[in-house]
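Asks: Sequence:
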Amino acid sequence: MGEVYWAEYQRDENGIWHGEETEAVLKPELVHERMQQLSGEWVTVGTGWQAWPDLGKESGLVLLDGEVLLPAAEDMLPIACQMFAEGKTVAVEHAEPVYLRNNVAWKKLPGKE
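End of the sequence shown = 237 in this note's numbering, gap-free, step of one.
These aren't lab readings, by the way, just hints derived from the structure by calculation.
The beta-carbon is built from N, C-alpha and C at its ideal position, and this holds for glycine as well.
Treat the hints with caution; some may be incorrect.
Unchecked claim - So the derived label-pair ranges between C-beta atoms look like this:
hint	residue 1	residue 2	range
1	Pro177	Ala148	16 to 26 Å
2	Leu188	Asn138	16 to 26 Å
3	Glu198	Thr171	15 to 25 Å
4	Cys205	Asp178	32 to 42 Å
What the hints assert, rightly or not - Once the Cα atoms are required to be at most 20 Å apart in a straight line, the calculated SDA-like pairs of lysine to any residue come out as:
hint	residue 1	residue 2
5	Lys212	Gly143
6	Lys151	Gln161
7	Lys151	Arg225
8	Lys181	Thr171
9	Lys151	Trp176
10	Lys151	Thr171
11	Lys181	Glu132
12	Lys212	Glu147
13	Lys151	Arg135
14	Lys181	Gln161
15	Lys151	Gly126
16	Lys181	Pro195
17	Lys212	Thr146
18	Lys181	Glu153
19	Lys181	Ser163
20	Lys151	Tyr223
Please model the entire structure based on the sequences and the hints provided.
Replies: Structure below.
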């Protein structure tokens, strides 16, 4: 598809990660544009950096290899624990998956344009 999953997470003073509102599926050109809006030091994770090794060049950012290629449930635990503590969870029977490509896939179905 020629696109990458992109998100910009930052950890606050309590060690909690924030940034889920930045999650998107983007063309590499748009990733470059997003990177131009950032500054400082960032850790890269995921397989997109292998697929597009030049993606971070000329961004002006310090990019550190996070050595994480694929997600693991254990990595979500700190976020889940914080959401639970803040009362931001739902009962399992009301939980729904979030797909970044929902609208794109839906529009491509016959009769759903």
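Asks: Now tell me, hint by hint, if it's right for this structure.
Replies: Hints versus structure:
A hinted range of 16 to 26 Å for the beta carbons of proline 177 and alanine 148 is consistent with their spacing of about 21 Å. With their beta carbons about 22 Å apart, leucine 188 and asparagine 138 fall inside the hinted range of 16 to 26 Å. Checking the proposed 15 to 25 Å range against glutamate 198 and threonine 171 shows it holds: the Cβ atoms sit about 19 Å from each other. For cysteine 205 and aspartate 178, the Cβ-Cβ distance of about 37 Å falls inside the hinted range of 32 to 42 Å, so the restraint holds.
In summary, the hint linking lysine 212 to glycine 143 is supported, as the alpha carbons are separated by about 15 Å, within the 20 Å threshold. Note on lysine 151 and glutamine 161: the hinted pairing holds, with a Cα-Cα distance of about 16 Å set against a maximum of 20 Å. With a C-alpha separation of about 13 Å, the suggested pairing of lysine 151 with arginine 225 holds against the 20 Å cut-off. Proposed proximity of lysine 181 and threonine 171 is supported: the alpha carbons are some 16 Å apart, at most 20 Å.
At roughly 11 Å between alpha-carbon atoms, lysine 151 and tryptophan 176 fall within 20 Å of each other, so this suggested pair holds. The straight-line distance between the Cα atoms of lysine 151 and threonine 171 is roughly 14 Å, inside the 20 Å bound, and the hint therefore holds. Using a Cα cut-off of 20 Å, the hinted pair lysine 181 and glutamate 132 holds, with the two alpha carbons roughly 17 Å apart. Simply put, lysine 212 and glutamate 147 have alpha-carbon atoms about 19 Å apart, close enough for the 20 Å limit, and the pair holds.
Between the alpha carbons of lysine 151 and arginine 135 the distance comes to roughly 26 Å, so the proposed pair goes past 20 Å and is violated. With a C-alpha separation of about 14 Å, the suggested pairing of lysine 181 with glutamine 161 holds against the 20 Å cut-off. For the given pair, lysine 151 sits about 6 Å from glycine 126 by alpha-carbon distance, which is consistent with the 20 Å threshold. Distance check on the hinted pair: lysine 181 and proline 195 sit about 24 Å apart at the alpha-carbon level, beyond 20 Å; violated.
With a C-alpha separation of about 19 Å, the suggested pairing of lysine 212 with threonine 146 holds against the 20 Å cut-off. Distance hint between lysine 181 and glutamate 153 is fulfilled; the C-alpha atoms sit about 12 Å from each other, no more than 20 Å. The suggested pairing of lysine 181 with serine 163 holds, with an alpha-carbon distance near 14 Å, which does not exceed 20 Å. Restraint check for lysine 151 and tyrosine 223: satisfied, since their Cα atoms lie roughly 17 Å apart, inside the 20 Å limit.
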